[in-house]
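Each protein sequence line maps, in turn, to chains A and B. Per full-length UniProt numbering, the first sequence starts with residue 1, numbered consecutively. Per full-length UniProt numbering, the second sequence starts with residue 1, numbered consecutively.
Keep in mind the hints are simulated off the structure, nothing from the lab. Computed from a prediction, not measured in an experiment: that's the story for all the values here.
Once the Cα atoms are required to be at most 20 Å apart in a straight line, the calculated EDC-like pairs of lysine to aspartate or glutamate come out as:
#: 1; chain 1: A; residue 1: Lys-215; chain 2: B; residue 2: Asp-17
#: 2; chain 1: A; residue 1: Lys-64; chain 2: A; residue 2: Glu-323
#: 3; chain 1: A; residue 1: Lys-41; chain 2: A; residue 2: Asp-373
#: 4; chain 1: A; residue 1: Lys-244; chain 2: B; residue 2: Asp-17
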Amino acid sequence: MQQVNQLNSTQQHIFSHLTQAPPDQIFGIMNAYKADTSDNKIDLGVGAYRTDEEKPYVFDVVKKIEQEIINDNTLNKEYLPIEGLPDFNKGCQMLLFGKDNPLIESGRIVTAQCLGGTGALRVGFDFVKRHLAGDVYVSNPTWSNHNQILDRTGLNQVNYPYYDPNTKGFNCSATLDCLSQAKQGSIVLLHVCAHNPTGVDPTETEWLQIADVCKARNLIPFFDCAYQGFASGCIEKDAFAVRKFAELGFQMIVAYSFSKNMGLYNERVGALHIVTPNKEISAIVLSNLKIVIRTLYSCPPAIGGRIASRILCNEKYFKEWIEELNTVTGRIIRMRTLLKNELDKLNVQGNWDHITRQTGFFTFTGLTPEQCDKLTQEHHIYLLRSGRMSMAGITSKNVSQLAEAIKIVVQNECDILLNN
Amino acid sequence: MQKLQLLQNQFNPTSDDIFFHIVQAPPDPIFGIANAYKADTSSTKIDLGVGAYRTDEEKPYVFEIIKKLEKEIVNDPTLNKEYLPIEGLADFNKGCQKLMFGQNSPLIASGQIVTAQCLGGTGALRVGFEFVKRHIPGDVYVSKPTWSNHNQVIERAGLNQFEYPYFEPKTKGFNCAGTIECLSQARMGSIVLLHVCAHNPTGVDPTEAEWLQIADVCKKRRLVPFFDCAYQGFASGCIEKDVFAVRKFAELGFQMIVAQSFSKNMGLYNERVGAVHIVTSNKDISARVLSNLKIVIRTICSNPPAIGARIAAKILTDEKNFNAWVEELKTVTGRIIKMRTLLKQELDNLKVPGNWDHITRQTGFFTFTGLTPEQCDLLTKQYHVYLLRSGRMSMAGITSKNVRYLAESIKAVVQNK
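Okay, chain A solo, but in the shape it has when bound (with noise of 0.2 Å):
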């Protein structure tokens, strides 16, 4: 043991001057979550979907699926092409763009299967950075490692002014006001639906705005879509932003990820598509984009993307699919409905209309970081400090729990305001 910990004279501590990093913003609330022993404590913090009891839930249609994989013997281990499986990256395009969009039989769509959300914008911002340079606007605020993502890819990130504290809404005009002066080419990142923190979007005139500003400056549409079919509850709708700048001509990049929708979280699941003017850029463009994913990977894992694809092709798995997808994202709607009805029921101070009328998985609460601090420390109710809840981690049974706690935290606040 001695020998082993003995400062080694011949080799300096290579890494003594490395620093403790902060650990991962929303990962460390759920290890705090996990490490807390309280029995009723309340998991709001990851955005991973809960049953009304609580529980992680894995899609039947998955798990049969995955049965039939394990079962099929026509079915190896060998390495998946570096963009993935066709039948997938097909299948995502139509689910994305619309079953009978031109862009897909003209090839003007480079799709590559990507590692989840995560992978998905590592990948197209690291083309980005490789192709097309420029400054990446994003929205303020925006999922925390977007920023983290834009900042290790090498990219410069300017915020703009996506949400009103004071509306609770989306502040279009300080968007547009803020995207016309972007210098030409750079590239904003656009939350499809359910944005995330806030949970609100712009609406479909609204993305119209956008859409022009973008043409005038020449800005190049970056999407991130993780939550199709947990906005509205309408997966065609829920694309809405995606299919009108293609029809509108926009060449763009969309990240695209499986892990909500399909419940695939762990096996990584996602897309890159990049929508091109021809067939002939395409093909060029994809083979650029494959250096990019050597270099990160070499190549995608194969079951999410072969589990993800047979309900993608296949029409009675893909209904089942919706069908379950309809349950969880209809149980999210009624716990926001339940939760605004305790508010209410309780009288707790303040606005409480934007937990049903934001929209996905989370609700941008407007509490304070010192109210969140509140409500983990003493109530052992785990959020992020932005105020940013999920309501995947609300139940029937602890609604009531929940909507208590926040009038006392909120309660607090007013207390002392008063009595200064």
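Assemble chain B onto chain A, guided by the hints.
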């Protein structure tokens, strides 16, 4: 035409075609060959390109133990699809440490090894080099030649690379003196990329004495060893012997990085199973290293895929499964070694000009045949034998049925003037 000249290679933000300036990239040298082989309709074609194992029936092979464990996992109601930790499965990581450093390595108990589950060997290399770039940047010394993707990965991680003259074409062996000389002039703090065993593409490894010499020069110049281990089990046929270099360097007190792949030795290719290890001087530094390593991973893929590591963990942490795996691995590596012997015999029988000793002397998946690019082209175009233009031939693609045809084809191109 005018537009082409103006805009080629330069991103023009006001252009309608934002991708117009992008130039076609060459196909990957290795996957490119695999695709060409697939497209070939000849009945005598032989695939000696990509390093993926084939049975004597020329079929891909899934380990029996893997099939069994996969079923167990899929039928296990206690498992779900929740995100793994950023650094992967704890059991898997522990198992990897034991396999690499030895079951009883004091480094494991002392917390000096930081381990993260990664996406195969490539994933581990990229994570490792991103970490290097961010925290201990320096020039990277790579063997000449090396796996083609090494150079690309290092370039994309934004690091400078230099070559050390690894392969000696005259002896078709390891150029120890040349390597030592080159490394002795490296800037202090440079990183040295070393293949643990079964060097890819040459199949030629340093002897134990030569490894000690490499360790010496690394100490003198304070070079940071970065080991790539993709073939543990394939060099000597013995798991422990194959990782001599890593264990010796660890024993000598080096702080270093190791990229470990299970693509070949567990046949888990497409599930992307690997690990990166960073050996530090103590567990406090380990904690800081891990916290930074997690950000590297979080910004590439967030967390790794589950199934492959779950399978590997069951092998690495269960004695019965482990033994079953080692048995199957011996069958696989044994067949490759047998093919080396067979090919050499056939070449001798046919009295093919040249010295072919290296076929049985080199180890692992590959032989660096010594064939020229032109001879390789001829082998492919005329005889439908697919290999890399560097002369690298994957022995795993040879079978008792195709070895004679292969030897005859080699004879033909060697004698062709």
